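Visitor: Residue numbers (full-length UniProt numbering), protein chains in the order written: chain A, 1 to 411; chain B, 1 to 411; chain C, 1 to 411; chain D, 1 to 411.
You may find that some hints are simply not true.
Stated by the list, open to error - Listed below are the simulated DSSO-like cross-link pairs for lysine-lysine, each with C-alpha atoms no more than 27 Å apart in a straight line:
| id | chain 1 | residue 1 | chain 2 | residue 2 |
| --- | --- | --- | --- | --- |
| 1 | D | 405 | C | 108 |
| 2 | C | 405 | D | 108 |
| 3 | C | 26 | C | 7 |
| 4 | D | 405 | C | 6 |
Calculated from the structure, these hints are not laboratory results. What you are looking at is a predicted structure, and each value in this text was computed from that prediction instead of being measured.
Protein chains: 4
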Amino acid sequence: MSQPPKKISRVVLAYSGGLDTSIILKWLQTTYGCEVVTFTADLGQGEELEPARQKALLLGIKPENIYIEDLRDEFVRDYVFPMFRANAQYEGLYLLGTSIARPLIAKKQIEIARAVGADAVCHGATGKGNDQVRFELSYYALEPDIQVIAPWREWNLTSRTALLEFAEQNQIPIAKDKRGEAPFSVDANLLHVSSEGKVLEDPAEEVPDYVFSRTVSPEQAPDRATIIEVGFERGDAVSIDGEALGPAALLTRLNELGRVNGIGRLDLVENRFVGMKSRGMYETPGGTILYFAHRGIEQLTLDRGAAHLKDELMPRYAELIYNGFWFSPERELLQGLIDRSQEFVTGTVRVKLYKGSASVVGRASPYSLYDQDLVTFEEGAVAYDHRDAAGFIKLNALRLRTLAKRNRRGA
Amino acid sequence: MSQPPKKISRVVLAYSGGLDTSIILKWLQTTYGCEVVTFTADLGQGEELEPARQKALLLGIKPENIYIEDLRDEFVRDYVFPMFRANAQYEGLYLLGTSIARPLIAKKQIEIARAVGADAVCHGATGKGNDQVRFELSYYALEPDIQVIAPWREWNLTSRTALLEFAEQNQIPIAKDKRGEAPFSVDANLLHVSSEGKVLEDPAEEVPDYVFSRTVSPEQAPDRATIIEVGFERGDAVSIDGEALGPAALLTRLNELGRVNGIGRLDLVENRFVGMKSRGMYETPGGTILYFAHRGIEQLTLDRGAAHLKDELMPRYAELIYNGFWFSPERELLQGLIDRSQEFVTGTVRVKLYKGSASVVGRASPYSLYDQDLVTFEEGAVAYDHRDAAGFIKLNALRLRTLAKRNRRGA
Amino acid sequence: MSQPPKKISRVVLAYSGGLDTSIILKWLQTTYGCEVVTFTADLGQGEELEPARQKALLLGIKPENIYIEDLRDEFVRDYVFPMFRANAQYEGLYLLGTSIARPLIAKKQIEIARAVGADAVCHGATGKGNDQVRFELSYYALEPDIQVIAPWREWNLTSRTALLEFAEQNQIPIAKDKRGEAPFSVDANLLHVSSEGKVLEDPAEEVPDYVFSRTVSPEQAPDRATIIEVGFERGDAVSIDGEALGPAALLTRLNELGRVNGIGRLDLVENRFVGMKSRGMYETPGGTILYFAHRGIEQLTLDRGAAHLKDELMPRYAELIYNGFWFSPERELLQGLIDRSQEFVTGTVRVKLYKGSASVVGRASPYSLYDQDLVTFEEGAVAYDHRDAAGFIKLNALRLRTLAKRNRRGA
Amino acid sequence: MSQPPKKISRVVLAYSGGLDTSIILKWLQTTYGCEVVTFTADLGQGEELEPARQKALLLGIKPENIYIEDLRDEFVRDYVFPMFRANAQYEGLYLLGTSIARPLIAKKQIEIARAVGADAVCHGATGKGNDQVRFELSYYALEPDIQVIAPWREWNLTSRTALLEFAEQNQIPIAKDKRGEAPFSVDANLLHVSSEGKVLEDPAEEVPDYVFSRTVSPEQAPDRATIIEVGFERGDAVSIDGEALGPAALLTRLNELGRVNGIGRLDLVENRFVGMKSRGMYETPGGTILYFAHRGIEQLTLDRGAAHLKDELMPRYAELIYNGFWFSPERELLQGLIDRSQEFVTGTVRVKLYKGSASVVGRASPYSLYDQDLVTFEEGAVAYDHRDAAGFIKLNALRLRTLAKRNRRGA
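With the sequences and hints as input, model every part of the structure.
Guide: Shown next as structure tokens:
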């Protein structure tokens, strides 16, 4: 380790209950000799939280130092939905399922650190990934003098063997299936599951079937399409087929609909903020449906000026989230703009789900800007005079005509 | 008509051979008393061109005034492919199939006008749509003093009945199925078919099956996926499954693959340049496959800086094409940037086609920027030191920490 | 006139009291046979308003149909200041003095139209300029079904002689100095004076001295510099040299300071929205000082992320105002973002005024983000470790190194 | 030092001949035991280069290992001029004088490293500044496996005393005036002089007079204005008052003109890439004149579409240069776009220089896009019909009207 260990008295660890964060837990105790406070969150990753409590107790954490929280509604309401208002896609395709969860976990760790008087926080993200950046930028933005421990960058447990030895030496139980190395690594929350590494590392090779955990393959999906109606209010989905649902319940429902219809798989080679390309497989069943549905309702209710401004700003907004700048002034300023644009993004969208595709097939809104009279081929009583188009074109063409004449002169 | 007819001696008409442009042909002769030169292009719309010649002759056009040209290769090579290098999507979804054909037709009309000494050009686009703008901006940009005739904005044949009466009075043959009004209007070329109007005008109503002409429904597509390999050179597709193909042949092949697999349908409400929203159904089978395949090969071969710059500029580039500014300095400047970015966008992409979806499942390139050594979880011999990430994060966080302290002070 | 006159019963005219709008007043009465309501605003153009009332009465306007309003504070507070929060400059140089006044006048006309039950509004802007667009887009955005009368596009008084004849026929008094044609045309308000046309039309020729009305020449300015301190709160100037001043009073004071020091002249060739280039001379004495002072306080108090986002959005924001889209969703969304960024833009800036230049020479803020400890050459106790820079650079370089290796391979 | 010294056999040092880089030279020899190759460039910093050769010899560098080069023309032609084509200003004001010199020095070091078979390069930039980033990103982009030595981040000579002791121990001559600490630090090249640190560190305090070295104060400048004519070809200045001048000679002439007229001082608080704010005083006499002159000729010759695109991209382009990404694909792509836009940016601009101001007072071009006929108030024979404006406005207003009606409904 390049620097002497910082002096730490109490640290809040983002703790999953799994082998890796259990090793970190012990390593914190032995390396820093500090009190460890564990934080385990339910973000919809699909795992029980109680085993994490038991394991923390087993590893010597005091009951009052074990924090477990169900964050699913907060996650969807305050992170996923705001992001979907922007139609955010990183590099044109990725719905940012991993990126969007990090700031919330970091925020909770900081809140707990304040509550328990901890002077440090710790996460289990590796030294080559984006997640370390996302965690730590969030920590620092919220609590500028917090100390940050990133074991994967600090320790010398740099091989699987070393990790397992450390676990054994410290009486950390190792599940049988964790002895061997996992064929790929996984991150999951209510928005998505991501898989990367090992068997996925060759971007030329198709992703093996056993990697998928949240969607059936399109081939296995039903032979009949499912049509659903998603209701929106001010840019957020609020109902499915007329049934009002809270944020997490709604996304859970969409996930189930997406799962059975094989929707939301994405095989991506992406550019990490830390500088290299990586390949991953994302499954975002509900999010994919939500993305198209939201575009559908915006088509009807958003003015062109607002819509195009949003589209132009989106890549930068998505990049900010991907790079870990959720808690930055520029993300917050863009969010304010995006949120304000959604005032009338209210209505319903019908989406057809079929063997891997989510397609908008109809949309309606009390605040529709679509005007059948304006668009109809017959000239009606409306305030559209065909002859106006002539002047419109003439003035738009004026500079091009001047230019054409000049360029000839110049040739 | 608000203005006295311009004095026209010879006009080049974009002539399809259909009823509407035949009426225009006659109307030009009777209104302007001028010589009409017809131009009929094969852009892959899927219609025979010889009937157009016969019809023109029948309507009194001299043989030497009938121009018929197969533009399919030029269309794909010089218009479609450059646009796909940009991953252009208007309003996040539309692959610009109609927009991209207009500048080419306009350019050819201008070339013919110069060759035959015509002082005017004429198109059959209506007064409420984007196409009139696209045609006319192109005309003016290429030939600033050309006169433009836009019959739909000028004449008083403002009802179907009036049109048919005019046709009958002028001995224009009317096919039986053209007596009644078409239930929707269609534009087609090698890139796509668009349908809009009438039965499509209510954006809440699903598009009826009989509207589709270029794709089978996903439900009717084969139960087994088709996997193809698309080869790219410098950003353009050049082969399918190892077989080198010219631009038009390649897009034709992709169209067929897309057609049978039900790929490329898009139900869209979009914002027209002339100010209103309209609803259309686009079928872009080959283009949809091409879009995803191109993104796939760029993922591997394009640097992040170039890729993100392209993504940020794309909405504006797409808007320029949609609005008819193909022949504008800003489109050309952006095109130069995009083209230059494609120098190493060479390699192969495997795409899975299945019941409406085109999914990249693998990509390879001799110019790959993906480096397995950099991304692997194990720290190897490569030039990536985990500890570098600490400094990277620290300096990225510095301003956020300063800000957090200031904001507290300010609170 | 190309179209039959619309049926108008009552029209609200933007009336200056000058010859041209008096002619318009009469022309409205005679052409439309409608009741004319005049609106005369004090936007700081430097003219008495009472003569306008007298003239309106003389021309037969009923007293209750004469509206005169002092809008100076509203103009500066709700239009000028919000725009300066964005550091808006059109085409890199122009502080938008004319553009920003139009939406306010239009808004007041619409309010009066509603109050008096008028069905139309009328402005005196010519058919080749931007102002017609700015007025009319504002009218339509605020009152979509209002009728708009633009006499300069409608009447046939297309020469100076025709105008004077019409004036004489209608007993409109003509000041002696208005007989001949003015050597240039002028627009003025509290933010600026613009001059264009005639003697200014050759962009190669220097602007003659007699054109300037709001600034002395730098050569005539005092030989000693004046240093002032401008106080800001949340992005708006609120005091000069410690004296709190309301918006209009503050800008008036800055104008006087700028005037005597020869500050704020701009000789510009600009691109009009209607498609041609034009040349103008702008005098914006107070605004120029304000621009630099605002940049000065932002330098100290705005985070880099927010500052760069603002700078990137500024050209589009400025273009929107120039083009007349003040009352558009996209301008309003951008404004919301800009306003929110100004929360801590509070403090004082010292500006040196000297013979044409306004230079920031010092700035201070209770919310400064400048940290002397961070920037000092000596490494101190602060949270900046020189070695962090190594990692920062390494990861920023990673993609460039990968790229360099690939490009060699490709060469 | 955190890491063991790399094994270096030969290093190319950017060597000024001054005390600091002489200390670095010795430190390299003693720390790495490697052969040092010195590179001293004339970038117009205004110092003799021969003393640097003598000093290098004195410090034991072999004659064949001493590289001295006059880069002034290359600097202006290939770095300064391309940047000025973009009208680049970082954070709205800074003409990037320091930033633009770094990539050229780095490039030459790499070329020499290749020529002499060196495995490392070394610069004298400190660990808190931007220059280290600019040097190193350039090194890595050009030679991805080069080793980089940054003494200021590595050694423990962290105080002035320690440095002087090291110098004495190593027989490095110390000029008398270097014993005490400089009251500020300076960087100079043909484009500018920057001063920062110490006496400049309080951003509220005015910069003392003795800091300025390249400009007289405006107060001391002549009482009569100087008017010059700058000739441009394809975006680059090529002559002054009709005299053709090479790049460096031209900038030298402009610097002298700027110097005597007190032009180009900028007191700035800026945001460094490494995360903190710093305050500096820049003197860019010739560059300031060039900036305004270039804007002047573009006003006349650049189409609006190209001009606005350039203006929108400029902040990002300037940021790339400031941050050190000169040799990055995104800078190069933007440069290609910018360069292409300059095809017709040819003509002459007259600039008035007076006591601190550079003001364009006239411009002319054989490729002017300014058309007096179009802009004149009288409607002439030109292709501008006032009535076209009505249609132009109507269609631009259409969406705003639709929106206004909807929003009422929504209220």
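Visitor: Between residue 405 of chain D and residue 108 of chain C, does the CA-CA distance stay at or below 27 Å?
Guide: The hint holds at about 19 Å.
Visitor: Is the straight-line distance between the alpha-carbon of residue 405 of chain D and that of residue 6 of chain C 27 Å or less?
Guide: 22 Å, holds
Visitor: Hey, residue 405 of chain C versus residue 108 of chain D, does the alpha-carbon distance stay inside 27 Å?
Guide: OK: residue 405 of chain C and residue 108 of chain D at ~19 Å, within 27 Å.
Visitor: Sort out whether residue 7 of chain C lies within 27 Å of residue 26 of chain C, counting only the CA atoms.
Guide: This hinted pair holds, its Cα atoms lying about 17 Å apart.
In this structure, none of the earlier numbered hints is contradicted; all agree with it.
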